[in-house]
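Please take these sequences and the hints and turn them into a complete structure.
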Amino acid sequence: MTPAPSRPFPAGLARAYGALFALLTAAALLVWQPAHAQLRVDISGTGATQYPVAIADFAVDDVHGRAIAEVIRADLTRTGQFRLISAAGSGLNVDSPVAYDDWRTKGADFLAYGSITRGADGRYDVRYRLADTVKKGQLDGVAFSGSEQELRRVAHQIADRIYEKITGVRGVFSTRIAYVLKRGNTYELQVADADGQNPQVALRSREPVISPAWSPDGSKLAYVSFESGKPVVYVHTLATSARIPVANFKGNNSAPAWSPDGSKLAVALTRDGLSQIYIVGADGSSNMRRLTRSPGIDTEPIFTPDGRSIIFTSDRSGGPQIYQTSLDGGDARRLTFNGSYNISPRISPDGSTLLYVARRDGAFRIASLQLATGNETLLTDGRDDQAPSFAPNGMQILYAAVQNGRSVLAGVSSDGRVRQTLSVLNGEIREPTWGPFTR
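Going letter by letter, the sequence shown gives residues 2 to 440 in my numbering.
A hint or two may mislead.
To be verified - As a list, the in silico DSS-like pairs of lysine-lysine whose alpha-carbon atoms are at most 30 angstroms apart:
no., residue 1, residue 2
1, K251, K183
2, K107, K183
3, K137, K107
4, K137, K183
5, K136, K107
6, K183, K136
Hint data in this document are derived by calculation from the structure and do not stem from the laboratory.
Fair warning: this is a prediction, and the values are worked out from it, not measured in the lab.
Okay, here's the thing in C-alpha coordinates:
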(Lines of atoms letter the chains of each structure in order from A; the text may use other names.)
(Lines give C-alpha, C1' and ligand atoms only; values in the text may rest on other atoms or scores of the structure.)
Protein backbone atom coordinates (compact mmCIF):
# COMPACT_ATOMS: atom_id res chain seq x y z
CA MET A 2 0.00 0.00 0.00
CA THR A 3 1.09 3.56 -0.63
CA PRO A 4 1.94 5.23 2.68
CA ALA A 5 -0.86 7.44 3.98
CA PRO A 6 -0.24 10.56 6.03
CA SER A 7 0.37 9.89 9.71
CA ARG A 8 -2.72 11.97 10.44
CA PRO A 9 -6.04 11.63 8.53
CA PHE A 10 -7.62 14.36 6.47
CA PRO A 11 -10.82 15.88 7.80
CA ALA A 12 -13.77 13.78 6.59
CA GLY A 13 -14.83 15.86 3.60
CA LEU A 14 -11.30 16.52 2.41
CA ALA A 15 -10.55 12.84 2.71
CA ARG A 16 -13.64 12.11 0.61
CA ALA A 17 -12.59 14.57 -2.09
CA TYR A 18 -9.09 13.14 -2.29
CA GLY A 19 -9.68 9.60 -1.10
CA ALA A 20 -8.54 8.17 -4.42
CA LEU A 21 -5.21 9.90 -3.96
CA PHE A 22 -4.14 7.45 -1.26
CA ALA A 23 -5.18 4.11 -2.77
CA LEU A 24 -2.75 1.56 -4.24
CA LEU A 25 -3.32 1.26 -7.98
CA THR A 26 -1.30 -0.76 -10.43
CA ALA A 27 -2.14 -0.57 -14.16
CA ALA A 28 -0.47 1.61 -16.79
CA ALA A 29 -1.94 4.59 -18.60
CA LEU A 30 -2.17 5.02 -22.35
CA LEU A 31 -0.95 8.28 -23.89
CA VAL A 32 -3.25 9.34 -26.72
CA TRP A 33 -4.55 12.42 -28.48
CA GLN A 34 -7.70 11.55 -30.36
CA PRO A 35 -11.28 12.74 -30.77
CA ALA A 36 -13.71 11.92 -27.98
CA HIS A 37 -17.31 11.16 -28.80
CA ALA A 38 -19.36 12.43 -25.89
CA GLN A 39 -23.00 13.40 -26.23
CA LEU A 40 -23.50 16.80 -24.65
CA ARG A 41 -26.53 18.69 -23.44
CA VAL A 42 -26.31 22.28 -22.17
CA ASP A 43 -28.99 23.78 -19.91
CA ILE A 44 -28.87 27.50 -19.01
CA SER A 45 -30.84 29.41 -16.38
CA GLY A 46 -30.81 33.00 -15.12
CA THR A 47 -29.81 36.29 -16.67
CA GLY A 48 -27.16 38.89 -15.94
CA ALA A 49 -27.83 42.15 -14.16
CA THR A 50 -27.35 43.87 -17.53
CA GLN A 51 -28.48 42.35 -20.83
CA TYR A 52 -27.35 43.83 -24.12
CA PRO A 53 -29.90 43.46 -26.96
CA VAL A 54 -28.06 42.11 -30.00
CA ALA A 55 -29.13 40.59 -33.31
CA ILE A 56 -26.91 37.98 -34.97
CA ALA A 57 -27.81 37.55 -38.64
CA ASP A 58 -27.04 34.35 -40.54
CA PHE A 59 -23.84 34.90 -42.51
CA ALA A 60 -24.38 35.17 -46.26
CA VAL A 61 -23.13 32.01 -48.01
CA ASP A 62 -24.34 29.47 -50.53
CA ASP A 63 -24.28 26.52 -48.09
CA VAL A 64 -25.13 25.66 -44.46
CA HIS A 65 -22.03 27.24 -42.92
CA GLY A 66 -23.52 30.72 -42.66
CA ARG A 67 -26.28 29.57 -40.35
CA ALA A 68 -23.92 27.30 -38.39
CA ILE A 69 -21.47 30.12 -37.65
CA ALA A 70 -24.27 32.41 -36.51
CA GLU A 71 -25.69 29.68 -34.27
CA VAL A 72 -22.34 29.17 -32.54
CA ILE A 73 -22.03 32.92 -31.94
CA ARG A 74 -25.59 33.09 -30.57
CA ALA A 75 -24.96 30.13 -28.28
CA ASP A 76 -21.70 31.63 -26.96
CA LEU A 77 -23.32 34.95 -26.10
CA THR A 78 -26.43 33.31 -24.65
CA ARG A 79 -24.41 31.21 -22.19
CA THR A 80 -23.09 34.34 -20.50
CA GLY A 81 -26.58 35.56 -19.61
CA GLN A 82 -25.41 39.07 -20.56
CA PHE A 83 -27.11 39.27 -23.95
CA ARG A 84 -30.72 39.28 -25.13
CA LEU A 85 -30.94 37.93 -28.65
CA ILE A 86 -33.12 39.84 -31.10
CA SER A 87 -34.38 37.84 -34.07
CA ALA A 88 -32.61 38.54 -37.36
CA ALA A 89 -34.55 35.93 -39.32
CA GLY A 90 -34.93 36.75 -42.99
CA SER A 91 -32.65 39.78 -42.86
CA GLY A 92 -30.70 38.66 -45.94
CA LEU A 93 -27.65 40.69 -44.97
CA ASN A 94 -24.17 40.23 -46.34
CA VAL A 95 -20.99 41.93 -45.20
CA ASP A 96 -21.43 44.77 -47.69
CA SER A 97 -25.13 45.41 -47.01
CA PRO A 98 -26.18 48.87 -45.83
CA VAL A 99 -27.62 48.78 -42.32
CA ALA A 100 -31.05 50.25 -41.66
CA TYR A 101 -30.17 51.45 -38.17
CA ASP A 102 -33.61 52.84 -37.30
CA ASP A 103 -35.32 49.60 -38.36
CA TRP A 104 -33.08 47.52 -36.12
CA ARG A 105 -33.61 49.94 -33.24
CA THR A 106 -37.36 49.53 -33.74
CA LYS A 107 -36.87 45.76 -33.48
CA GLY A 108 -35.10 46.33 -30.15
CA ALA A 109 -31.50 45.64 -31.21
CA ASP A 110 -28.79 47.98 -29.95
CA PHE A 111 -26.19 45.94 -31.85
CA LEU A 112 -26.22 43.93 -35.07
CA ALA A 113 -23.64 41.34 -36.17
CA TYR A 114 -23.61 40.14 -39.77
CA GLY A 115 -21.17 38.87 -42.37
CA SER A 116 -20.33 36.75 -45.38
CA ILE A 117 -18.47 33.52 -46.08
CA THR A 118 -16.76 32.69 -49.36
CA ARG A 119 -14.98 29.48 -50.33
CA GLY A 120 -11.72 29.87 -52.19
CA ALA A 121 -10.28 27.69 -54.94
CA ASP A 122 -8.00 26.07 -52.35
CA GLY A 123 -11.01 24.92 -50.32
CA ARG A 124 -10.42 27.39 -47.50
CA TYR A 125 -13.09 29.78 -46.31
CA ASP A 126 -12.84 33.53 -45.93
CA VAL A 127 -15.15 34.83 -43.20
CA ARG A 128 -15.82 38.57 -42.98
CA TYR A 129 -17.89 40.01 -40.18
CA ARG A 130 -19.09 43.41 -39.02
CA LEU A 131 -20.66 44.66 -35.80
CA ALA A 132 -22.95 47.68 -36.04
CA ASP A 133 -23.98 49.98 -33.20
CA THR A 134 -27.56 50.90 -34.06
CA VAL A 135 -27.75 53.56 -31.35
CA LYS A 136 -24.70 55.49 -32.56
CA LYS A 137 -25.44 54.47 -36.16
CA GLY A 138 -21.96 53.31 -37.00
CA GLN A 139 -19.68 50.31 -37.35
CA LEU A 140 -18.24 49.11 -34.07
CA ASP A 141 -16.04 46.33 -35.41
CA GLY A 142 -15.08 44.60 -38.64
CA VAL A 143 -12.54 41.89 -39.33
CA ALA A 144 -11.78 39.01 -41.71
CA PHE A 145 -10.76 35.45 -40.83
CA SER A 146 -9.56 32.54 -42.93
CA GLY A 147 -9.82 28.85 -42.12
CA SER A 148 -10.56 25.35 -43.30
CA GLU A 149 -14.01 23.86 -42.99
CA GLN A 150 -12.91 22.17 -39.75
CA GLU A 151 -11.77 25.54 -38.37
CA LEU A 152 -15.03 27.41 -38.94
CA ARG A 153 -16.29 26.67 -35.44
CA ARG A 154 -13.11 28.19 -34.01
CA VAL A 155 -13.63 31.23 -36.22
CA ALA A 156 -17.17 31.57 -34.85
CA HIS A 157 -15.78 31.54 -31.29
CA GLN A 158 -13.26 34.23 -32.26
CA ILE A 159 -16.02 36.41 -33.66
CA ALA A 160 -18.06 35.89 -30.48
CA ASP A 161 -14.99 36.95 -28.47
CA ARG A 162 -14.77 40.18 -30.44
CA ILE A 163 -18.48 40.92 -30.09
CA TYR A 164 -18.32 40.29 -26.34
CA GLU A 165 -15.30 42.55 -25.86
CA LYS A 166 -16.56 45.36 -28.10
CA ILE A 167 -19.88 45.50 -26.25
CA THR A 168 -18.86 44.78 -22.64
CA GLY A 169 -15.26 45.99 -22.58
CA VAL A 170 -14.14 42.61 -21.18
CA ARG A 171 -12.14 40.08 -23.15
CA GLY A 172 -14.19 37.10 -24.35
CA VAL A 173 -13.29 33.51 -23.43
CA PHE A 174 -15.16 31.55 -26.09
CA SER A 175 -11.91 30.63 -27.90
CA THR A 176 -10.27 29.25 -24.76
CA ARG A 177 -10.23 25.59 -23.73
CA ILE A 178 -11.19 23.59 -20.70
CA ALA A 179 -9.82 20.32 -19.33
CA TYR A 180 -11.51 17.76 -17.12
CA VAL A 181 -11.46 14.09 -16.19
CA LEU A 182 -14.20 11.94 -17.71
CA LYS A 183 -14.91 8.61 -16.00
CA ARG A 184 -16.65 5.99 -18.11
CA GLY A 185 -16.97 2.59 -16.49
CA ASN A 186 -13.50 1.68 -15.26
CA THR A 187 -11.71 4.08 -17.60
CA TYR A 188 -10.48 7.58 -16.85
CA GLU A 189 -9.92 10.08 -19.66
CA LEU A 190 -8.20 13.42 -19.36
CA GLN A 191 -10.02 15.47 -21.98
CA VAL A 192 -9.49 18.90 -23.47
CA ALA A 193 -12.44 20.67 -25.10
CA ASP A 194 -13.57 24.04 -26.36
CA ALA A 195 -14.96 26.35 -23.69
CA ASP A 196 -18.50 25.33 -24.67
CA GLY A 197 -17.68 21.65 -24.11
CA GLN A 198 -17.61 20.83 -27.82
CA ASN A 199 -14.73 19.30 -29.80
CA PRO A 200 -13.43 17.15 -26.91
CA GLN A 201 -10.05 15.47 -27.40
CA VAL A 202 -8.55 12.73 -25.25
CA ALA A 203 -5.12 13.68 -23.95
CA LEU A 204 -4.71 10.66 -21.67
CA ARG A 205 -6.63 7.44 -21.14
CA SER A 206 -5.98 5.20 -18.13
CA ARG A 207 -7.49 2.31 -16.23
CA GLU A 208 -6.36 4.09 -13.08
CA PRO A 209 -7.50 7.45 -11.68
CA VAL A 210 -6.19 10.70 -13.13
CA ILE A 211 -6.84 13.74 -10.94
CA SER A 212 -5.98 17.40 -10.38
CA PRO A 213 -5.39 18.65 -13.94
CA ALA A 214 -3.83 22.13 -14.08
CA TRP A 215 -3.08 24.27 -17.15
CA SER A 216 0.31 25.82 -17.78
CA PRO A 217 0.16 29.62 -18.16
CA ASP A 218 0.70 29.41 -21.93
CA GLY A 219 -1.92 26.68 -22.42
CA SER A 220 0.51 24.22 -24.01
CA LYS A 221 0.79 21.77 -21.11
CA LEU A 222 -1.23 20.13 -18.37
CA ALA A 223 0.08 19.00 -15.02
CA TYR A 224 -1.88 16.22 -13.33
CA VAL A 225 -1.65 13.32 -10.91
CA SER A 226 -1.66 9.75 -12.26
CA PHE A 227 -1.78 6.52 -10.28
CA GLU A 228 -0.45 4.27 -13.04
CA SER A 229 2.79 3.40 -11.21
CA GLY A 230 1.06 2.20 -8.05
CA LYS A 231 1.15 5.54 -6.25
CA PRO A 232 0.23 9.15 -7.06
CA VAL A 233 2.86 10.86 -9.23
CA VAL A 234 2.72 14.38 -10.68
CA TYR A 235 3.34 14.63 -14.43
CA VAL A 236 3.68 17.52 -16.88
CA HIS A 237 2.11 16.63 -20.23
CA THR A 238 2.74 18.54 -23.48
CA LEU A 239 -0.54 18.54 -25.39
CA ALA A 240 0.84 18.98 -28.91
CA THR A 241 3.12 15.93 -28.70
CA SER A 242 1.71 13.85 -25.80
CA ALA A 243 5.23 13.83 -24.35
CA ARG A 244 5.28 13.97 -20.57
CA ILE A 245 7.71 13.94 -17.69
CA PRO A 246 7.35 13.13 -13.98
CA VAL A 247 8.05 16.24 -11.92
CA ALA A 248 7.14 14.94 -8.44
CA ASN A 249 7.76 11.25 -7.76
CA PHE A 250 8.96 11.24 -4.19
CA LYS A 251 8.36 8.84 -1.34
CA GLY A 252 4.73 8.91 -0.23
CA ASN A 253 2.04 10.92 -1.97
CA ASN A 254 2.67 13.52 -4.66
CA SER A 255 -0.42 15.61 -5.36
CA ALA A 256 -2.21 18.89 -6.16
CA PRO A 257 0.06 20.53 -8.78
CA ALA A 258 -0.29 24.27 -9.47
CA TRP A 259 1.75 26.35 -11.93
CA SER A 260 3.68 29.50 -11.15
CA PRO A 261 2.62 32.45 -13.33
CA ASP A 262 5.86 32.28 -15.34
CA GLY A 263 5.46 28.54 -15.96
CA SER A 264 8.85 27.60 -14.51
CA LYS A 265 7.72 26.04 -11.24
CA LEU A 266 4.95 23.96 -9.70
CA ALA A 267 3.64 24.06 -6.17
CA VAL A 268 2.76 20.54 -5.01
CA ALA A 269 1.66 18.75 -1.85
CA LEU A 270 4.06 16.00 -0.73
CA THR A 271 4.12 13.56 2.20
CA ARG A 272 7.79 12.68 1.77
CA ASP A 273 8.61 13.99 5.25
CA GLY A 274 5.44 12.83 7.04
CA LEU A 275 2.35 14.98 6.92
CA SER A 276 1.28 16.60 3.66
CA GLN A 277 3.16 19.90 3.21
CA ILE A 278 3.64 22.39 0.37
CA TYR A 279 6.79 22.23 -1.78
CA ILE A 280 8.04 24.02 -4.88
CA VAL A 281 9.49 21.91 -7.72
CA GLY A 282 10.78 22.67 -11.21
CA ALA A 283 8.24 22.30 -14.01
CA ASP A 284 10.96 20.86 -16.26
CA GLY A 285 11.51 17.82 -14.03
CA SER A 286 14.71 19.20 -12.54
CA SER A 287 15.73 18.07 -9.08
CA ASN A 288 15.36 21.55 -7.59
CA MET A 289 12.88 21.28 -4.72
CA ARG A 290 12.10 23.56 -1.81
CA ARG A 291 9.81 23.00 1.14
CA LEU A 292 7.52 25.97 1.74
CA THR A 293 5.32 25.09 4.73
CA ARG A 294 6.14 23.49 8.06
CA SER A 295 2.98 23.08 10.05
CA PRO A 296 1.63 20.54 12.55
CA GLY A 297 -1.36 20.04 10.26
CA ILE A 298 -2.05 18.84 6.74
CA ASP A 299 -1.25 21.45 4.07
CA THR A 300 -2.51 20.78 0.54
CA GLU A 301 -4.16 22.28 -2.58
CA PRO A 302 -1.64 25.08 -3.22
CA ILE A 303 -2.15 27.79 -5.84
CA PHE A 304 0.05 30.74 -6.78
CA THR A 305 -1.28 34.26 -6.55
CA PRO A 306 -1.30 36.08 -9.92
CA ASP A 307 1.80 38.11 -8.97
CA GLY A 308 3.71 34.90 -8.20
CA ARG A 309 4.81 36.15 -4.78
CA SER A 310 2.76 33.93 -2.51
CA ILE A 311 0.87 30.66 -2.21
CA ILE A 312 -2.73 30.14 -1.14
CA PHE A 313 -3.49 26.68 0.23
CA THR A 314 -5.76 24.53 2.39
CA SER A 315 -4.68 23.50 5.88
CA ASP A 316 -6.26 21.95 8.96
CA ARG A 317 -3.64 23.49 11.26
CA SER A 318 -6.38 25.32 13.18
CA GLY A 319 -8.62 22.26 13.50
CA GLY A 320 -10.99 22.11 10.54
CA PRO A 321 -9.76 22.79 7.00
CA GLN A 322 -9.41 26.48 6.17
CA ILE A 323 -7.60 28.51 3.53
CA TYR A 324 -4.32 30.32 4.19
CA GLN A 325 -1.79 32.45 2.36
CA THR A 326 1.98 32.48 2.78
CA SER A 327 4.81 34.30 1.05
CA LEU A 328 7.25 32.41 -1.14
CA ASP A 329 9.96 34.12 0.90
CA GLY A 330 8.78 32.36 4.05
CA GLY A 331 7.16 33.64 7.21
CA ASP A 332 3.90 32.88 8.96
CA ALA A 333 0.81 31.90 7.02
CA ARG A 334 -2.22 34.19 7.17
CA ARG A 335 -5.69 32.71 7.46
CA LEU A 336 -8.14 33.94 4.79
CA THR A 337 -11.43 32.12 5.52
CA PHE A 338 -13.36 32.44 8.76
CA ASN A 339 -16.98 31.71 7.84
CA GLY A 340 -17.90 28.13 8.63
CA SER A 341 -15.72 25.30 9.86
CA TYR A 342 -14.86 23.76 6.49
CA ASN A 343 -13.43 25.57 3.43
CA ILE A 344 -11.23 23.84 0.82
CA SER A 345 -10.09 23.91 -2.84
CA PRO A 346 -9.02 27.57 -3.23
CA ARG A 347 -8.80 29.34 -6.59
CA ILE A 348 -7.88 32.97 -7.16
CA SER A 349 -9.37 35.33 -9.75
CA PRO A 350 -7.06 36.54 -12.56
CA ASP A 351 -6.89 40.02 -10.99
CA GLY A 352 -6.19 38.61 -7.52
CA SER A 353 -9.23 40.24 -5.92
CA THR A 354 -11.52 37.26 -5.37
CA LEU A 355 -11.04 33.85 -3.82
CA LEU A 356 -13.14 30.84 -4.82
CA TYR A 357 -13.46 27.75 -2.67
CA VAL A 358 -15.70 24.88 -1.65
CA ALA A 359 -17.57 25.73 1.53
CA ARG A 360 -19.54 23.27 3.62
CA ARG A 361 -22.71 25.00 4.77
CA ASP A 362 -25.61 23.18 6.44
CA GLY A 363 -24.18 19.84 5.39
CA ALA A 364 -23.90 20.79 1.69
CA PHE A 365 -20.76 21.52 -0.32
CA ARG A 366 -21.22 24.76 -2.24
CA ILE A 367 -19.01 27.09 -4.29
CA ALA A 368 -18.29 30.33 -2.43
CA SER A 369 -16.47 33.52 -3.36
CA LEU A 370 -14.64 35.84 -0.98
CA GLN A 371 -13.74 39.45 -1.74
CA LEU A 372 -10.26 39.63 -0.26
CA ALA A 373 -10.34 43.39 0.29
CA THR A 374 -13.55 43.33 2.34
CA GLY A 375 -13.91 39.75 3.59
CA ASN A 376 -17.42 39.53 2.12
CA GLU A 377 -18.45 35.97 1.26
CA THR A 378 -21.08 34.98 -1.33
CA LEU A 379 -22.43 31.48 -1.89
CA LEU A 380 -22.66 31.10 -5.67
CA THR A 381 -24.24 27.65 -5.97
CA ASP A 382 -26.96 25.73 -4.15
CA GLY A 383 -26.06 22.10 -4.90
CA ARG A 384 -25.42 19.41 -2.32
CA ASP A 385 -22.00 18.39 -3.64
CA ASP A 386 -20.37 21.13 -5.76
CA GLN A 387 -16.61 20.72 -6.15
CA ALA A 388 -13.48 21.88 -7.98
CA PRO A 389 -14.20 25.52 -8.94
CA SER A 390 -12.13 27.18 -11.66
CA PHE A 391 -12.19 30.77 -12.93
CA ALA A 392 -12.45 31.65 -16.61
CA PRO A 393 -9.38 33.67 -17.63
CA ASN A 394 -11.45 36.87 -17.73
CA GLY A 395 -12.81 36.21 -14.23
CA MET A 396 -16.45 36.50 -15.34
CA GLN A 397 -17.46 32.82 -15.25
CA ILE A 398 -16.68 29.81 -13.11
CA LEU A 399 -16.55 26.11 -13.93
CA TYR A 400 -17.15 23.45 -11.31
CA ALA A 401 -18.23 19.83 -10.91
CA ALA A 402 -21.77 19.25 -9.67
CA VAL A 403 -23.91 16.18 -9.00
CA GLN A 404 -27.03 15.78 -11.11
CA ASN A 405 -29.27 12.73 -10.77
CA GLY A 406 -26.51 10.91 -8.94
CA ARG A 407 -23.83 11.65 -11.59
CA SER A 408 -21.04 14.18 -11.68
CA VAL A 409 -21.50 16.78 -14.43
CA LEU A 410 -19.79 19.95 -15.59
CA ALA A 411 -21.50 23.10 -14.37
CA GLY A 412 -20.91 26.81 -14.69
CA VAL A 413 -21.97 29.93 -12.84
CA SER A 414 -21.33 33.62 -13.46
CA SER A 415 -19.04 35.32 -10.96
CA ASP A 416 -22.04 37.14 -9.47
CA GLY A 417 -24.04 33.90 -9.16
CA ARG A 418 -26.89 35.08 -11.38
CA VAL A 419 -26.41 32.81 -14.43
CA ARG A 420 -25.98 29.04 -14.24
CA GLN A 421 -25.44 26.34 -16.80
CA THR A 422 -25.01 22.58 -16.78
CA LEU A 423 -23.26 20.46 -19.38
CA SER A 424 -24.39 16.85 -19.11
CA VAL A 425 -22.36 14.05 -20.66
CA LEU A 426 -24.76 11.22 -21.38
CA ASN A 427 -22.17 8.45 -21.26
CA GLY A 428 -19.86 9.34 -18.39
CA GLU A 429 -19.13 11.49 -15.35
CA ILE A 430 -17.12 14.71 -15.47
CA ARG A 431 -14.75 15.51 -12.62
CA GLU A 432 -12.24 18.23 -11.71
CA PRO A 433 -12.78 20.76 -14.51
CA THR A 434 -10.21 23.47 -15.05
CA TRP A 435 -10.44 26.45 -17.39
CA GLY A 436 -7.45 27.13 -19.62
CA PRO A 437 -5.70 30.49 -20.07
CA PHE A 438 -5.83 33.02 -22.87
CA THR A 439 -3.36 31.83 -25.49
CA ARG A 440 -3.17 34.84 -27.81
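Against the structure, the hints:
1. For the hint linking K251 to K183, the alpha-carbon distance of about 28 angstroms falls within 30 angstroms, and the restraint holds.
2. Proposed proximity of K107 and K183 is contradicted: the alpha carbons are some 47 angstroms apart, above 30 angstroms.
3. With a C-alpha separation of about 15 angstroms, the suggested pairing of K137 with K107 holds against the 30 angstroms cut-off.
4. For the hint linking K137 to K183, the alpha-carbon distance of about 51 angstroms lies beyond 30 angstroms, and the restraint is violated.
5. For the given pair, K136 sits about 16 angstroms from K107 by alpha-carbon distance, which is consistent with the 30 angstroms threshold.
6. Of the pairs offered as hints, the one joining K183 and K136 is violated, with about 51 angstroms between alpha carbons and a cut-off of 30 angstroms exceeded.
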